[in-house]
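Based on the hints, put chain H with the ligands in the right spot on chain U.
Chains as they are written, first to last, in our numbering: chain U, 113 to 427; chain H, 520 to 974.
Simulated from the structure, these hints should not be mistaken for laboratory data. As the structure is a computational prediction, the values presented were derived from the model and not from experiment. Please note that the accuracy of each hint is not assured.
Claimed, not checked - Which bits of chain H does chain U cover? Going by a derived footprint, with three or more residues having C-beta under 8 Å, they are:
| id | region |
| --- | --- |
| 1 | 551 to 561 |
| 2 | 648 to 662 |
| 3 | 738 to 751 |
| 4 | 764 to 773 |
Claimed, not checked - Mimicking EDC-like on lysine to aspartate or glutamate, the simulated pairs with C-alpha atoms at most 20 Å apart in a straight line are:
| id | chain 1 | residue 1 | chain 2 | residue 2 |
| --- | --- | --- | --- | --- |
| 5 | U | Lys176 | H | Glu552 |
| 6 | H | Lys797 | U | Glu322 |
| 7 | H | Lys790 | H | Asp803 |
| 8 | H | Lys642 | H | Glu559 |
| 9 | H | Lys573 | U | Glu159 |
| 10 | U | Lys176 | H | Glu559 |
| 11 | H | Lys646 | H | Asp599 |
| 12 | H | Lys527 | H | Asp772 |
| 13 | U | Lys148 | U | Glu190 |
| 14 | U | Lys218 | U | Glu292 |
| 15 | H | Lys573 | H | Glu552 |
| 16 | U | Lys316 | H | Glu552 |
| 17 | U | Lys316 | H | Asp569 |
| 18 | H | Lys797 | U | Glu190 |
| 19 | U | Lys316 | H | Asp799 |
| 20 | H | Lys573 | H | Glu548 |
| 21 | H | Lys642 | H | Asp803 |
| 22 | H | Lys753 | H | Asp772 |
| 23 | U | Lys147 | U | Glu159 |
| 24 | H | Lys753 | H | Asp717 |
| 25 | U | Lys316 | H | Glu548 |
No residue lacks a Cβ here, since even glycine has one placed at the ideal position from N, Cα and C.
Residues per chain, in single letters:
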Amino acid sequence: MADEKKRGWLGRLREGLARTASNLTGGITAIFTKKKLDDETLENLEELLIAADLGVGAASAVTKRLASTRYNKEISAEEVKEALAEEVTKILAPVALPLIIDASRKPHVVLVTGVNGTGKTTTIGKLAHRLRQQGHSVMMAAGDTFRAAAIEQLQVWGERAGVPVVSGAVGADAAGLAFEALQRAKADSIDVLLIDTAGRLQNKANLMAELTKIVRVVQKLDPTAPHDTLLVLDATTGQNAHSQVDLFRQAANITGLVMTKLDGTARGGVMVALAERTKLPIHMVGVGESIDDLQPFDALSFARSLAGLADETVS
Amino acid sequence: MFESLQDKLGGVFSRLTRRGALKESDVAEAMREVRVALLEADVALPVVRDFVRKVQEQAVGTEVLRGINPAQQVIKIVHDELVAMLGSEQEPINLRANPPVPVLMVGLQGSGKTTTSAKLALKLTNKENKKVLLASLDVYRPAAQEQLRVLGEQAGVKVLPVIPGQMPVDIAKRAMQAGALQGYDVVILDTAGRLAIDEALMAEVVAVKAAVNPAEILLVVDSLTGQDAVNTGKIFKDRVGITGIALTRVDGDARGGAALSMRAVTGCPIKLLGVGEKIDALDDFHPARVASRILGMGDVVSLVEKAAATIEKEDAEKLEQKMLKGQFDLDDLAKQFRQMRKMGGMDGLMALLPGVGKVKKQMAESNINDQMLARQEAIILSMTRKERRKPDVLNGSRRRRIAAGAGVQVQDVNRLLKQFQQMAQVMKKMGKLQKKGAMSPQALRNLIPPQGYGR
Ligand SMILES: Nc1nc2c(ncn2[C@@H]2O[C@H](COP(=O)(O)OP(=O)(O)OP(=O)(O)O)[C@@H](O)[C@H]2O)c(=O)[nH]1
Ligand SMILES: Nc1nc2c(ncn2[C@@H]2O[C@H](COP(=O)(O)OP(=O)(O)OP(=O)(O)O)[C@@H](O)[C@H]2O)c(=O)[nH]1
Ligand SMILES: [Mg+2]
Ligand SMILES: [Mg+2]
Chain U
113 MADEKKRGWL GRLREGLART ASNLTGGITA IFTKKKLDDE TLENLEELLI
163 AADLGVGAAS AVTKRLASTR YNKEISAEEV KEALAEEVTK ILAPVALPLI
213 IDASRKPHVV LVTGVNGTGK TTTIGKLAHR LRQQGHSVMM AAGDTFRAAA
263 IEQLQVWGER AGVPVVSGAV GADAAGLAFE ALQRAKADSI DVLLIDTAGR
313 LQNKANLMAE LTKIVRVVQK LDPTAPHDTL LVLDATTGQN AHSQVDLFRQ
363 AANITGLVMT KLDGTARGGV MVALAERTKL PIHMVGVGES IDDLQPFDAL
413 SFARSLAGLA DETVS
Chain H
520 MFESLQDKLG GVFSRLTRRG ALKESDVAEA MREVRVALLE ADVALPVVRD
570 FVRKVQEQAV GTEVLRGINP AQQVIKIVHD ELVAMLGSEQ EPINLRANPP
620 VPVLMVGLQG SGKTTTSAKL ALKLTNKENK KVLLASLDVY RPAAQEQLRV
670 LGEQAGVKVL PVIPGQMPVD IAKRAMQAGA LQGYDVVILD TAGRLAIDEA
720 LMAEVVAVKA AVNPAEILLV VDSLTGQDAV NTGKIFKDRV GITGIALTRV
770 DGDARGGAAL SMRAVTGCPI KLLGVGEKID ALDDFHPARV ASRILGMGDV
820 VSLVEKAAAT IEKEDAEKLE QKMLKGQFDL DDLAKQFRQM RKMGGMDGLM
870 ALLPGVGKVK KQMAESNIND QMLARQEAII LSMTRKERRK PDVLNGSRRR
920 RIAAGAGVQV QDVNRLLKQF QQMAQVMKKM GKLQKKGAMS PQALRNLIPP
970 QGYGR
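The following block holds chain U by itself, in its conformation from the complex:
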């Protein structure tokens, strides 16, 4: 947990991803020790991708693409990894986009959404810290007025990041709180306002309507807000991520994705399918519970790490 070691962010990301990918690549290595890329081998490869949560469709698409150029050729484990990383990078590169803050908006409003327990509050804490490091003034809104101690949790992150937290009473209207926070941020000429929201399952219409209401109310003060609406996905989540993206988009016009918990055994392969299908930008990944365990999403290193290759692109 408390990760004292100060490593470069890439080092940490690589370490996290390498761990998540070790099973996958172990499998690949076992399958290909310089042999023909035949049907059986491809089938095994497809299953390995399925086991990484790519989903049946994306896994077979990636496999087919591999087959289209290399079928029946002698191919080594290393070459398969390279080819796999290449295919995955092609899919992810177009959506690996940073979160761009326009501080002139005063504030640039970022609404953070997602199902329960994915890491919204933690991500906001980390993001506040990073934005502060970049020289922005930041304010956070404790928009989760429902869950026990959600406000206290964000307040702790506020202290850690050195950022003020606007909060209301437990059970208060979340939209009202967001409105109030935006007023305060405007008055204080804050660069970025990060709004936390309660976790909600996407199939709960009333809770999704509440989210829509937050957006509507915020727009009364600033019709261009929220400038970014992030959906936080948990890397352990499987194919349900598709439904999460679709329904949160409907309710709150999601503009970008964040994936957390990539430091665990889950591989987050559903991102590949999501990138292909929705083209939504993937801004950041969470790789731990400490304040600087938030990293920009980098397609090449994600893909290479997923394929079990050492990252040689950045030092």
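Coordinates of chain H with the ligands only, in the frame set by chain U:
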């Protein structure tokens, strides 16, 4: 949960049903679709593989019962495998230990441990009349202890006061002491979220376990989990020795893969379902109900069960008729042997006829096997038609001829004939027993002479 998986499987099976006669390739095709449906529902790959293999094996080895179509038979097999995968009994929280009974909650970050701890406390208090103490061992996540305090307050359940700076193992010991001193029945220990590969934190939870010896260690798992269920389930099982699963966010629209995988991967029963954020949103898990819900084919399943029961009864009745009329001859016996072979030998037959399982051991002990059946049949086939109808005519020379023809010893022929006579007697006895056919355990035992059949 499960609705969408049900739709998918329903589609596969209704296409299968429309086929009528089924080729092996039809079954294979359907199982390919089942595989995809299960994978799209996030059932873990090794679990899916295993499931498909088992169903396919059975579908090929099983003769279709009269009165139902092959697709229905396949559906029944899928249903039975689902039940096997989920476990058939509802399993309660284990509180069989000296009070205060420690219950330990573990799992990944954000899976729902704290919420489920409070829900379980409320449930045990209200439904089982237990005096419950909650304690938070989460000294890491911001406001985690405060969260449990608030939830305990909502549930009206006591929460162990926090001593700042105290570490998890010590908190656990203190909770148990407080529980013992203050007469609590159950102490529920909430822990911090931890990754399966976080060695330090896994060691910590193992130390907590050693300190309090929990009666129940529940792995709290998000039902939205994908393929990682394999890693997490396996490592927590191996490392911590979990005893049960609590599935959360079952109120979501996940297709239920985690539910199917978790039991298969860990071998531990699913004991609780979290079905909402509110403190009372906790259900028991009923595996059989869930299996029917996943398949949505309850009518087909009961139809097949009925058909199997009918066949058992009809066959028994037919045989009974013959016996009562004293018409059972060696031809009938040969027919029986042939039928047994056609039905996939002794094992196939046993699998097909419910309720015969008990006899299986006896038969094995008595050297009844497929080879033996074939030999018996060969002996009968070496007889003339007349000999088969009227075994009385079989004198010494006829017996020698038959033995030579069947490639056996004369003693084997003698033994068979003796068995036949015994059977005739048995049948007379059975005639008196109502509705009990040749395949009833009793009757089968009577068919077996004490010394067993010849080799
Ligand atoms: N290992 C790891 N844990 C994380 C990461 N991000 C968040 N967590 C942990 O996940 C748990 C849930 O995080 P929260 O930030 O409370 O999640 P949330 O989405 O705000 O939850 P709700 O508000 O209850 O819906 C906490 O224990 C966090 O420490 C990550 O990138 N890696
Ligand atoms: N809809 C729904 N939400 C749930 C359920 N169980 C828990 N939650 C929510 O999931 C989020 C995380 O729950 P927690 O109990 O804090 O999870 P945890 O495992 O203790 O998290 P950490 O201590 O950070 O590892 C909260 O927002 C809960 O309200 C459930 O069954 N259904
Ligand atoms: Mg939160
Ligand atoms: Mg907790």
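Hint by hint, here is what the structure shows:
1. 551 to 561: Satisfied; 5 residues make the cut.
2. 648 to 662: holds (count 4)
3. 738 to 751: That given contact holds, which follows from 9 residues of the region 738 to 751 of chain H lying within Cβ reach (below 8 Å) of chain U.
4. 764 to 773: holds (count 5)
5. Lys176(U) x Glu552(H): Holds, because 19 Å separates the two Cα atoms, which is no more than 20 Å.
6. Lys797(H) x Glu322(U): holds (17 Å)
7. Lys790(H) x Asp803(H): Since the Cα atoms of Lys790(H) and Asp803(H) sit roughly 6 Å apart, the hinted pair holds (cutoff 20 Å).
8. Lys642(H) x Glu559(H): violated (34 Å)
9. Lys573(H) x Glu159(U): Since the Cα atoms of Lys573(H) and Glu159(U) sit roughly 19 Å apart, the hinted pair holds (cutoff 20 Å).
10. Lys176(U) x Glu559(H): holds (19 Å)
11. Lys646(H) x Asp599(H): Since the Cα atoms of Lys646(H) and Asp599(H) sit roughly 32 Å apart, the hinted pair is violated (cutoff 20 Å).
12. Lys527(H) x Asp772(H): holds (14 Å)
13. Lys148(U) x Glu190(U): Holds: Lys148(U) and Glu190(U) sit about 14 Å apart, inside 20 Å.
14. Lys218(U) x Glu292(U): Within the cut-off at roughly 15 Å; holds.
15. Lys573(H) x Glu552(H): The hint holds at about 15 Å.
16. Lys316(U) x Glu552(H): Violated - the C-alpha atoms of Glu552(H) and Lys316(U) are around 30 Å apart, more than 20 Å.
17. Lys316(U) x Asp569(H): Violated, because 34 Å separates the two Cα atoms, which is more than 20 Å.
18. Lys797(H) x Glu190(U): violated (51 Å)
19. Lys316(U) x Asp799(H): Between Lys316(U) and Asp799(H) the Cα gap is close to 18 Å, so the pair holds against 20 Å.
20. Lys573(H) x Glu548(H): holds (15 Å)
21. Lys642(H) x Asp803(H): holds (10 Å)
22. Lys753(H) x Asp772(H): violated (25 Å)
23. Lys147(U) x Glu159(U): holds (18 Å)
24. Lys753(H) x Asp717(H): Distance of about 14 Å is within 20 Å: holds.
25. Lys316(U) x Glu548(H): violated (36 Å)
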